[in-house]
Amino acid sequence: MPQSAEKVLDHAPLFREPEYRKMLAEKKRNFERPYPDRTVTDQREFTKTWHYREINLAREALVVNPAKACQPLGAVFAAAGFERTMSFVHGSQGCVAYYRSHLSRHFKEPSSAVSSSMTEDAAVFGGLKNMVDGLANTYKLYEPKMIAVSTTCMAEVIGDDLHGFIENAKDEGAVPHDFDVPFAHTPAFVGSHVDGYDSMVKGVLENFWKGEQRTVNPGSINIIPGFDGFCVGNNRELKRLLNLMGVSYTFIQDASDQFDTPSDGEFRMYDGGTKIEDVRAALNAEATVSLQQYNTRRTLEYCKAAGQSTVSFHYPLGVKATDEFLVKVSEISGREIPEAIRLERGRLVDAMADSQSWLHGKKYAIYGDPDFVYAVARFIMETGGEPTHCLATNGTPAWEAEMKKLLASSPLGNDAQVWASKDLWAMRSLLFTEPVDLLIGNSYGKYLERDTGTPLIRLMFPIFDRHHHHRFPLMGYQGGLRVLTTILDKIFDRLDRETMQVGVTDYSYDLTR
Amino acid sequence: MPSLSAKNQDFFNEPACERNRSKDFKVRKKGCSQPPMPGAAAGGCAFDGAKVALQPITNVAHLIHAPLACEGNSWDNRGTASSSHMLWRTSFTTDVTEFDVVMGHSERKLFKAIREINEAYAPAAVFVYATCVTALIGDDIDAVCRRAAEKFGLPVVPVNAPGFAGSKNLGNKLAGEALLDHVIGTVEPDDARSSDINILGEFNLSGEFWQVRPLLDKLGVRVRACIPGDSRYLDIATAHRARAAMMVCSTALINLARKMQERWDIPFFEGSFYGITDTSEALRQIAGLLVKQGAGPDLISRTEALIVEEEARAWRRLEVYRPRLQGKRVLLNTGGVKSWSVAHALMEIGLEIAGTSIKKSTDNDKERLKQMLTNDSMSGATTPRELYSALSDHKADIMLSGGRTQFIALKAKMPWLDINQERQHSYAGYHGVVELARQIDLSIHNPIWAQVREPAPWEMAPARGEEMSEEEALL
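So the sequence lines, in the order shown, correspond to chains X and L.
All residue numbers for the first sequence refer to the UniProt record's numbering, where the first residue is 1 and numbers rise by one.
All residue numbers for the second sequence refer to the UniProt record's numbering, where the first residue is 1 and numbers rise by one.
Next up, chain L with everything else stripped away, as it sits in the complex:
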């Protein structure tokens, strides 16, 4: 794994990005995040990214300082699991109106809204999100948050990631900055241990991370903070006392990992819990790092023992699916870490990768892919039409993607499985790969595809049957 010699780089100067190495000052100045192309149907904005990255902090009130739009269209649309609080799912917004904009009332409204939240909900903290409108009219949310924090004796955290600042991914990173500036290191834990780790860039979708946690529990490794999945304000405030960190989605929060290493000397590695080999590798790395940081050396042998046991079980279980999935081709249309980690997991169980998107992937992500895939199967941003033609040409047997492209697959008569935030199953860890195999198997072999692919009986001209190729007839 290439190490990230990223120290002393400023936030926009991400070494993993070609643009930042450009000689042209103007290109360099644009920073790492890809500017979106006008007229294309691309993903979300910086606000979206910031909210996605922070909202899983469950005992915090997330207050969107915006006209109703930003929140009215988007509240409660993520499936990350929380072990107790539901406050994060409650939608709070200042609903800034034309009157507020014209009269300049919105700062006062924000202050009042924080007070109303504090009185009714007594949250662990309030996170205040700037958006396009409130940033454009120049609301000083930092000042309002500072004042409110003093007045109510409550952490009030400004998140400065208005939509126009850039892409969703940039927003993820700005969210990390907000945690660094205002949260991490503000509380000293009285229970720090030498086997405490942080997990960064893990969202606990469908409780995915909880299914890995028992492995760590078994090893006596304690998760000080999983950022952001199912975290509490206090986890994050004390995260600076962990001894090591694992970076799961580096695209989202790499700046956080790097700066925590700089400030508090917390070494980190990039890993994935998708697939058997990657899961084992992640556990090894965690154990290795912790031992280097002073944990008992027996951790390594205990980890190896656990790996042997779990791997054997998972491989045995996968045997059931192997003959059913052998040689099936998967089109992977997702982003960031998943474009290589899921690809790797799939190849491990005998599936072929017909293609994988590299949108939102860092150079490291791409490098990993290049090492894995021999064919020319990486693609950048895909328009619905391109995606559709790849699918309808039978270049794959199934597509794994997110909700917005789901229905394109279906129109192309192609089985589909959600690999993004709306997924209903957990694919992490040793059992997760079995579940992934099971779900792919179920999806590919569902009888509806035969139905979908067959024309209505009256459309079947007699000659048509003869013309059909063997492969077509099987479909």
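Just chain X, with the same shape it has in the complex:
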């Protein structure tokens, strides 16, 4: 027997043992009534054709392998960026388990969120009682400073009124009257996690800003990062840059510490996050800057209505995008961009020049959240690469139009195609029919890598099967350097693998690349 107590094999090598191959093959023969091998091969080949691509892209009712999550997930992530804030999701309780696992698996950190645990009774009679009990329990059990309430589909379908419910709960003494319970309606059948993020951040701002008088604090800036799986690295990098410039700023929603707590013997259910008094004071900022426009449309409108000037970016990644961000910040704050940052920029440009021959003309497929896809496509073109497929399952027609404009701005974008609201199974067809050199996305792309042989670079949330990537920035010049290095490593690793066969391909197995 291949597996025995004498020598225990791990599952990966074990099942390649001949006995196991036989066992598994027999299982297939006896229980599957499998199609003949030929039919399977033919079908596999068929799915690589243009013909199948047309059928695949014409799908209407079925989504296969989506690249988006739902609104409440975004709301839970948003809430994690505020001081001692517990996420409270009003709905049935399975959803919350998903959000916690999802965030935990990506950040490798505990993730806290609770549910009002609605059941069938609540579906019929409404979830008020669950809200009252739930808020009381959360307040008692987890000692939060704020409870951020969002909804799942279920509460939305039966039409629970959060504002009224929360008032009722306060009247019944679930939490004190002056306790902060911001809320956001986040039905999952509308939009995606980026919209949920938007609603929750707006909900928090409204909670503190509504009816308050604004006294402008000239030159001060609010930064809203948007839903970002790399917030740990990115927010810290941006703070470093802003500190170097001496800007007076407040991050509104900053989950970088919450999702990166040290192992020092202390369990922090809450860590870091924007302080409540800072959120309150943020009303007085001269301007609010969003790092991701599609993530923050409603929040920005609200900031504008509150009297602030607003400006948004598409995930400042790469040379030009970082330039624009810093110049804008400098303009609003009146602070100069110091020499140290100029040198950093020069180093990134230098690195890109060093490696240009390896990157020029490479074709890419990119998928993920709208702002991310925009940013990556832009940076790729800066390196001489050609974005060929740009796909966002949560992309809108407006995003599509903006992407097309970006791609039209350079000859490198000539062959690019933009795919709003398509899924990863559509991407599979695209990669077979119009192959590219590299695929940029998240962990889910590993099936595309396997099926189509396109090397995958993981730069997008979620990353479950690699560790610690989120600890390094993608934004700013330093972030650009990291993205650049990651792409180059992928290219060189592959090249080495393809040229290492002794006496066959090793004429190109070179020491210097």
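Where hints are given, some of them may not hold.
[Unchecked claim] Using 20 Å as the maximum straight-line C-alpha spacing, the simulated DMTMM-like pairs for lysine to aspartate or glutamate come out as follows:
(1) X:Lys275 x X:Asp257
(2) X:Lys239 x X:Glu339
(3) X:Lys129 x X:Glu167
(4) X:Lys7 x L:Asp441
(5) X:Lys140 x L:Glu386
(6) X:Lys140 x X:Asp178
(7) X:Lys170 x X:Glu120
(8) X:Lys27 x L:Asp190
(9) X:Lys140 x X:Glu83
(10) X:Lys48 x X:Glu339
(11) X:Lys363 x X:Glu286
(12) L:Lys395 x L:Glu367
(13) X:Lys446 x L:Asp76
(14) X:Lys108 x L:Asp76
(15) L:Lys218 x X:Asp42
(16) X:Lys27 x L:Glu188
(17) X:Lys7 x L:Glu319
(18) X:Lys28 x L:Asp217
(19) X:Lys27 x L:Asp191
(20) L:Lys112 x X:Glu54
(21) X:Lys28 x X:Glu6
[Stated by the list, open to error] Here are some chain X residues the structure puts well away from chain L; computed CB gaps all over 12 Å:
(22) Thr41
(23) His177
(24) Gly453
(25) Arg482
What the hints contain is simulated information worked out from the structure, not anything from laboratory work.
Virtual Cβ for every residue (Gly too), placed ideally from N, Cα, C.
Chain L: place on chain X using the hints.
Showing chain L alone in chain X's frame:
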């Protein structure tokens, strides 16, 4: 082992549950599944449970009839191994939108989605899962499935376990009901043998069950269906012709075992493949049941011979770890069958149980624990904070749990090992217990714990060293 005199009990009336024996009608009516407490961070929902229990059926397309949420957040998050098909890992959803909800288009969309799956993938069957939204707006998935099955000549199985129906565990059981109502017994096998068994409630995580199967192969016992681990639609459709069954995770699928006994006269026993004694006991029970059902009586002596051989080997191997693990205390934070079976396996190799959770455990599970553990080490639902304080008080040397509590252990400077679905090693069978010992040993003795527990050098006040107890200094 207490026998389950469970015949003629209806689905919600699980005799293993105190609530069902309550005199109060209202309490009784709530059924066996524990209603979750609002405001607590508890586990999954009924949909989650149903999906978990059925998704390992590998050549079936699992279609989630829901807004994107249910699937978008959760696709492909289980590590159960499949011997050929990968269809089960592909995510299918109808992505119901506001427009569908308002206009009432979702039933039509579902039908169309089934057609699109059938055309592109030709699966053995399509399983359609109702979720909160589609159940609330009243989609009749039974009718749509029936119509689609007729139209496409394909089994289309409705799974009615929307999230709000109750807990994850209830969902497991509803999944079993779906199999009973629509799948099991729909195909007659032409190769039924007197030594065919079913394994129920085994998920084949990290290929765990495959590592036990060769033992059964050696005995000439054929696994007709392992439900759900690495199963095919056809395994399950013909499962009613097995002669006996072993129930592995009774918390998940006890209703399935019981009803298969009622309908097709398939006797079952509850067992575990964790630990040497339990593995041997399981093999004995299988052999005994099959012989009672007409298999050749020599099966029993052959089983005993195999047990002797395998046990000796495993005990010998464990000797290496015994001195390294003697007296180490384990905190077990898992659910159901594992709360006692893994505890038992650990005690067998000389570890102490500092605590074990009894969430999702049936009364039978708890009874087993009571017999094993003298100390007061069973706990119900644990909040992260409680868990953390148990760990940081050094009540244990290692925690075994699932992914969501992993990082709490690490923050408490406590070694940790995954015992749930994301585990990377197999712990079943005679070799599995050796692997478990090896992994615990590796984890406990990893040098990082010394690093983690020591303050930075500049934080070490001179007096601190003297104050340290011997035990602390060793850590």
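Outcome of the hint check:
{"no.": "1", "hint": "X:Lys275 x X:Asp257", "result": "12 Å, holds"}
{"no.": "2", "hint": "X:Lys239 x X:Glu339", "result": "17 Å, holds"}
{"no.": "3", "hint": "X:Lys129 x X:Glu167", "result": "13 Å, holds"}
{"no.": "4", "hint": "X:Lys7 x L:Asp441", "result": "16 Å, holds"}
{"no.": "5", "hint": "X:Lys140 x L:Glu386", "result": "14 Å, holds"}
{"no.": "6", "hint": "X:Lys140 x X:Asp178", "result": "16 Å, holds"}
{"no.": "7", "hint": "X:Lys170 x X:Glu120", "result": "24 Å, violated"}
{"no.": "8", "hint": "X:Lys27 x L:Asp190", "result": "16 Å, holds"}
{"no.": "9", "hint": "X:Lys140 x X:Glu83", "result": "17 Å, holds"}
{"no.": "10", "hint": "X:Lys48 x X:Glu339", "result": "52 Å, violated"}
{"no.": "11", "hint": "X:Lys363 x X:Glu286", "result": "42 Å, violated"}
{"no.": "12", "hint": "L:Lys395 x L:Glu367", "result": "24 Å, violated"}
{"no.": "13", "hint": "X:Lys446 x L:Asp76", "result": "12 Å, holds"}
{"no.": "14", "hint": "X:Lys108 x L:Asp76", "result": "18 Å, holds"}
{"no.": "15", "hint": "L:Lys218 x X:Asp42", "result": "37 Å, violated"}
{"no.": "16", "hint": "X:Lys27 x L:Glu188", "result": "17 Å, holds"}
{"no.": "17", "hint": "X:Lys7 x L:Glu319", "result": "14 Å, holds"}
{"no.": "18", "hint": "X:Lys28 x L:Asp217", "result": "16 Å, holds"}
{"no.": "19", "hint": "X:Lys27 x L:Asp191", "result": "14 Å, holds"}
{"no.": "20", "hint": "L:Lys112 x X:Glu54", "result": "17 Å, holds"}
{"no.": "21", "hint": "X:Lys28 x X:Glu6", "result": "29 Å, violated"}
{"no.": "22", "hint": "Thr41", "result": "14 Å, holds"}
{"no.": "23", "hint": "His177", "result": "19 Å, holds"}
{"no.": "24", "hint": "Gly453", "result": "16 Å, holds"}
{"no.": "25", "hint": "Arg482", "result": "24 Å, holds"}
Hint compliance for this structure: hints 7, 10, 11, 12, 15 and 21 are not met, and every other hint is.
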